[in-house]
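Chemist: Below, each chain spelled out in residue letters.
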Amino acid sequence: MRVYASYNIKGGVGKTTTAVNLAYLSAREGARTLLWDLDPQAAATFLFRVRPRVKGGSHALVTRKRPIEEALKATDFENLDLLPADFSYRNMDLDLDDTKKRTRRLGQLLATVADDYDVVFLDCPPSVSLVSENVLHAADVLLVPLIPATLSLRTFDQLTRFVADSEGRRPEVVAFFSMADRRKRLHREVIATISRDQARVAVTVIPALSIIEQMAELRAPVPAFAPSSVAAQCYEQLWAEVRP
Amino acid sequence: MTSPSAALLAPDDGALDLAAVVKALSGSFAVVTGGAQVVRQARLDTFDHRLRDAGLVLEHQVTAAEGRLVLIGPDAVTTRVTPVAGLSWPALAGALPEGALRDALAPVSGIRALMVTSEERRRVRRVELHDQDGKTVARLQLDEPVAKTSAVPAEVRVLPLRGYDEAARRTSTILAALGLRPASDDAVLDDVPPPASPDRIAPAPVLLAGVLREFLSAMQANLPGLLDDVDTEFLHDFRVAVRRTRSTLKLGRPALPDEMRSRWEPAFKWLGDLTTPVRDLDVYELDLPVMSGWLVAAEPADLGPFAAHLRRRRTAERRALVRGLRSARFTRLVADWEPALTDLADVDAEGSTVPTAGELADRIITRTFRRVARDGGAITPDSPAEDLHSLRKRCKELRYSLEVFSGVIDKAARKQAVTDLKGLQDVLGRFQDSEVQRHALRKFAEEMVTDGTSAGAVLAMGELVGHLDGEQDRAHQDFQRAFGRFVRPSSTARLQSLGGRG
Ligand SMILES: Nc1ncnc2c1ncn2[C@@H]1O[C@H](COP(=O)(O)OP(=O)(O)O)[C@@H](O)[C@H]1O
Ligand SMILES: [Mg+2]
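Here the protein sequences line up with chains A and B, keeping their order. Residue numbering for the first sequence follows my numbering, beginning at 1 and increasing consecutively. Residue numbering for the second sequence follows my numbering, beginning at 1 and increasing consecutively.
This is chain A alone, in the form it adopts within the complex (with noise of 0.2 angstroms):
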């Protein structure tokens, strides 16, 4: 099984659309793929049109009242399962806080269902936090999306830096600048200025395009309503970059 964590400090920068499309094209290619979407705000969850709902919320995951396989929801596509969000979720913090291993509970949920699932897919909420550290020791590869802008690559430097200084078993970080618009000189130029030191950066740029939007419409997957658009093709070319 091997862990995908779609992270990134700041929010609306295209985590969860990476997350849905790339899980999307796992399970397309016939591994059976997992979505665990951690975010309150359940926009993955609304994506695959699942009702944002988990018996027993964060607390019963996280203490184990409840096992996991209880909350799975099959997507309406073949090989992909998702695991919703729960509103709960804001609170999943202080239900980290309370277990045993309350930096490592998120990967010891995870290794319950690893007979079950060849790729599992992170869907982060945008902060610092024990769920965050949980990612973190729970995931194989970040996925990090930056928008190409100063300002997100200071915020990747603190991320790089949160990574390098965190115990144990670290992931591999792999940026990739997404809704880049190369008509704007700025964004050309940050693109192209990136330091390649702290972390892989991803050959393939995701442009900002506006059928990507339109996933929210028509909640589902842009590989699936739109397979041959230039945004499919997009995501095709970065899972191939990072898949397994």
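The reader is advised that the hints may include incorrect statements.
[Unchecked claim] For the chain B half of the interface with chain A, some residues (derived, Cβ under 8 angstroms), not all of them:
no., residue
1, Lys-135
2, Gly-163
3, Arg-374
4, Gly-377
[Stated by the list, open to error] One side only, chain A facing chain B, incomplete, derived with CB under 8 angstroms:
no., residue
5, Arg-53
6, Lys-65
7, Ile-68
8, Leu-72
9, Lys-73
10, Ala-74
11, Asp-81
12, Glu-217
Calculated from the structure, these hints are not laboratory results. By construction, the Cβ of each residue, glycine as well, lies at the ideal position given by its N, Cα and C atoms.
For chain A, the structure is supplied; the task is to place chain B with the ligands on it using the hints.
Modeler: Just chain B with the ligands now, kept in the frame of chain A:
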């Protein structure tokens, strides 16, 4: 990941009324019907129905767009699907793509090839059931035969989705209210009724004709697969039937007409000999993985030239075998054997001197048992190999007589007697096989040297010969214990009771 429900059938196995199904479900779901797709669907199993016996169903489904293998587990609890292309049947499980399906299938099919048991074109339609958010919460699969006359009626399956059990349950309830009912699998498992066994007072030739006819059917059933080289078991089972025929003729001599001895014994000896070379080579090929485990100094790869040599020899020997089985001699043998058996069963018991089945069984079991006990008792650690070989033949005679007369002797006592005997036969088999294989390996090695093989290959085969030498010693040592068990008072009493007297 979730199990499909059992198939549901329309009343009287009739056609499915899609419109009625859609209407009934529309009260609870938004119903989206997909287009129909024609699927060529082949059911697969081994010749001896290993999948069916294990409760498995394997289908190869081919549409215009793709091909896939579907394996449904016992009680439809697990389904595994693998996309496949360019597969042709028969094939061994090892020829399928790696993955969960092959892993589940291979231990069941073993060395038997998967063959098409039935094939038909089906029209398959998918129906999706959505909730208010447009989320699919259950699917239906409607599956109907394209041809009007089909053994498998139209059926509907509910395909539940993980986390949406309630929707699947509701769907099943609605379908049941429409009169759709679960298909029972009873019809598929039409087990052959056991043949009626003649009683002890029937004339012995009637009993012998009956068992000989069964062996003939076994030969005929295995012949096509043998000729097509589907898998090695067809030849093996064919040879077992020939060997049993020969033993029956030999054991039954006191009750059989002279023609059986003068004409038919040599005829089946010819048939047995015809099939021996290929079977011997099959055994070495099948044993290769085990043999490579014996190697200590050499690498398994060193046996590569040996494997290639076996393959070449087998190709040549198979050509001779197929020629023999297509010859006029073989055709005539089968054509004449059938009426000969009919004549044999047609004895006039009235005032004749032929023994009854019971009398013959008692006489032969007693005699063959005495011989095993006598010859076995004379074996010492210093006995030459030939003595053990001839004892093995005696054991086989006893084993065959227990099989041939199984219909007229006590079932439970027979079963236990076979178990006792089997332990002894296993040891003797190990002893003789080791010796035969040792000689054969030496001969193969000589042939390979003539063909200019590598020194590494010859050395590896030398190791195998050494291992077999040790194995033969071990078997010799194990003999006394196995024989002791065979002649212990309880076993002896059992066999004597079978023979009627001591
Ligand atoms: N490449 C893109 N081009 C255009 N719009 C995008 C692109 N990627 C994401 N978006 C839009 O940006 C918004 C935020 O994206 P989202 O994936 O939800 O970010 P996050 O999960 O990081 O908060 C969404 O409305 C999404 O449709
Ligand atoms: Mg998000």
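Chemist: Which numbered hints turn out to be false for this structure?
Modeler: 3, 4, 5, 6, 7, 12
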